[in-house]
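Same order as they appear, the protein sequences are chains A and B.
The first sequence begins at 44 in my numbering and counts up by one.
The second sequence begins at 44 in my numbering and counts up by one.
No wet-lab data here; the hints were simulated from the structure.
It is possible that part of the hints are untrue.
Any copy will do: because identical chains look the same in the list, a pair fits if it lies in one copy or spans two.
Simulated crosslink set (SDA-like; lysine to any residue; CA at most 25 angstroms straight-line) [to be verified]:
hint: 1; residue 1: K103; residue 2: T81
hint: 2; residue 1: K103; residue 2: G143
hint: 3; residue 1: K78; residue 2: G104
hint: 4; residue 1: K103; residue 2: M73
hint: 5; residue 1: K78; residue 2: E55
hint: 6; residue 1: K103; residue 2: L83
hint: 7; residue 1: K78; residue 2: E116
hint: 8; residue 1: K103; residue 2: Q141
hint: 9; residue 1: K103; residue 2: I93
hint: 10; residue 1: K78; residue 2: L49
hint: 11; residue 1: K78; residue 2: D120
hint: 12; residue 1: K103; residue 2: Q137
Predicted model, so just to flag it, every value in this text is computed and none were measured.
2 protein chains.
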Amino acid sequence: MTIEELRIRIDELDRQLVELLNERARAAQMIGRMKAATSLPVYEPDRERIVYANVRAANKGPLPDIELTHIYERIIDVMRALQRNELASQRQAQSAAQEGGAPGHAAGEDAPETGKKS
Amino acid sequence: MTIEELRIRIDELDRQLVELLNERARAAQMIGRMKAATSLPVYEPDRERIVYANVRAANKGPLPDIELTHIYERIIDVMRALQRNELASQRQAQSAAQEGGAPGHAAGEDAPETGKKS
Numbered sequence: 044m045t046i047e048e049l050r051i052r053i054d055e056l057d058r059q060l061v062e063l064l065n066e067r068a069r070a071a072q073m074i075g076r077m078k079a080a081t082s083l084p085v086y087e088p089d090r091e092r093i094v095y096a097n098v099r100a101a102n103k104g105p106l107p108d109i110e111l112t113h114i115y116e117r118i119i120d121v122m123r124a125l126q127r128n129e130l131a132s133q134r135q136a137q138s139a140a141q142e143g144g145a146p147g148h149a150a151g152e153d154a155p156e157t158g159k160k161s
Numbered sequence: 044m045t046i047e048e049l050r051i052r053i054d055e056l057d058r059q060l061v062e063l064l065n066e067r068a069r070a071a072q073m074i075g076r077m078k079a080a081t082s083l084p085v086y087e088p089d090r091e092r093i094v095y096a097n098v099r100a101a102n103k104g105p106l107p108d109i110e111l112t113h114i115y116e117r118i119i120d121v122m123r124a125l126q127r128n129e130l131a132s133q134r135q136a137q138s139a140a141q142e143g144g145a146p147g148h149a150a151g152e153d154a155p156e157t158g159k160k161s
């Protein structure tokens, strides 16, 4: 394989990674909505420990666990931010509804903080 | 879907992500070896720009481009470190061979800096 062919393969892998990351983000958003309904906190250290353990268990290399963990710290940071936005827009919508505010800007799928090209 | 079901799905997505990240790492390592042979630098800003553009073009959300870029900055950092290690162990092997050193510790697939459970 030439460098050029390997790069074509990397670009293909990146497109698959982007799709999986977005699918993971969608699941995290859904959990965020459920947390809003049940008053669960966004930050759940026990759950995060399970995520890291699962990632290390699935790791067959060549990435060392420590480097994979570095990547996952960033992934989890981003997902947590997404969930916080989801929660915030849910609560905004709830308080607007309670105050009988104008429903002109519905929260949820199209919240500007979380939605992209939605 | 319950939170529990969504988490099972996330764990499954994470295992797929780990596999793709390792496949990407293997390709980066192979490129590292080729760079050692051709004296190309590890850091190639033009190539990195292409990677980011590809990632943004593939992004259909809900992750905003900026958050996806945050994750990719970490991925690229890790891959660059892996390539540097690959290059270093290649060069070590080359100079050991030139000096007629003991071939007891061959560089490559099993280099301790890069290999994991190899």
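message: Need the list of violated hint numbers for this structure, in ascending order.
response: 1, 2, 6, 8 and 12
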